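S.K.: Please put together the full structure from these sequences, using the hints given.
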Amino acid sequence: LREAPRDSILALMPLLDAQLARADFVPGNPWNLRAVVERNGDSAMLHRWSLRMARVGLRSMDLVGRQEDLRDPELRDSAEAGARLMLARIAPIRGPTAQRTRAYSYSILASVALARGDYRRAIALTDSTRVGRCIWAGEATRALAFLALGDTASAERHLLPYAKAEWSGADTVRRLLGARVRDPHWLTAVDSTFRERNACRAKEQGLD
Numbered sequence: 014l015r016e017a018p019r020d021s022i023l024a025l026m027p028l029l030d031a032q033l034a035r036a037d038f039v040p041g042n043p044w045n046l047r048a049v050v051e052r053n054g055d056s057a058m059l060h061r062w063s064l065r066m067a068r069v070g071l072r073s074m075d076l077v078g079r080q081e082d083l084r085d086p087e088l089r090d091s092a093e094a095g096a097r098l099m100l101a102r103i104a105p106i107r108g109p110t111a112q113r114t115r116a117y118s119y120s121i122l123a124s125v126a127l128a129r130g131d132y133r134r135a136i137a138l139t140d141s142t143r144v145g146r147c148i149w150a151g152e153a154t155r156a157l158a159f160l161a162l163g164d165t166a167s168a169e170r171h172l173l174p175y176a177k178a179e180w181s182g183a184d185t186v187r188r189l190l191g192a193r194v195r196d197p198h199w200l201t202a203v204d205s206t207f208r209e210r211n212a213c214r215a216k217e218q219g220l221d
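Numbering (the working numbering) for the sequence shown: 14 to 221.
Since the hints were made in silico from the structure, they are not lab data. The structure displayed is predicted, hence computed values, not measured ones. Careful: at least some of the hints might be erroneous.
Claimed, not checked - Quick list of the computed label-pair ranges, beta carbon to beta carbon:
| id | residue 1 | residue 2 | range |
| --- | --- | --- | --- |
| 1 | ALA104 | ILE148 | 32 to 38 Å |
| 2 | ARG52 | GLU209 | 40 to 46 Å |
| 3 | ARG107 | ASP85 | 32 to 38 Å |
| 4 | PRO105 | ARG170 | 33 to 39 Å |
Heads up, the beta-carbon is just placed ideally off N, CA and C, and yes, glycines get one too.
M.R.: Put into structure tokens, the structure is as follows:
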């Protein structure tokens with residue numbers, strides 16, 4: 014019921030890291046162990062743990078669109094491997110949970126392609142990232158890829174639902190769209206789309 018003494022944990026961390034690396038696996042409940050690593054591991058161990066989680070497909074949600082994180086070539090490779098692993102595992106499975114996992118796995122592949130500068134591939138991959146009519150896991154990545162290709166008109170359509178939200182590409186979007194993000198008519202459209210999208214998502218997720 015109490016935290017173990019920090020000195021005791023610090024002494025065990027290198028052994029824990031070595032055992033996990035040797036076994037090349039992630040435990041059945043990796044999130045508690047990741048919390049221990051984040052509280053007590055050094056920066057090198059934190060990086061190794063992040064790569065390990067990505068490689069087995071356990072970072073699909075928190076890496077979507079995270080271009081800052083995906084600047085790391087090792088993390089890009091690990092995330093891509095993890096996404097492909099998850100897609101292989103759920104290939105024979107049907108149902109809403111599998112559909113969501115499939116969409117987020119393709120979102121990771123699209124985010125990796127975007128980070129590598131392969132913008133057209135990123136756009137193509139986002140075609141497979143729809144979870145439902147209103148939930149599109151790769152839409153922000155699709156918008157950033159259009160922006161990178163200089164196609165502001167196509168990007169803007171996808172940016173409206175995200176313009177008010179806090180997400181990893183928001184600063185990039187504001188910079189590339191320039192004065193348009195302060196135009197009253199554009200902001201009105203943003204407000205309207207943001208409300209409609211949230212209401213639609215709530216219904217699809219059974220929250221309404």
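S.K.: Which of the listed hints are broken here?
M.R.: When the structure is compared with the hints, only number 1 turns out to be violated.
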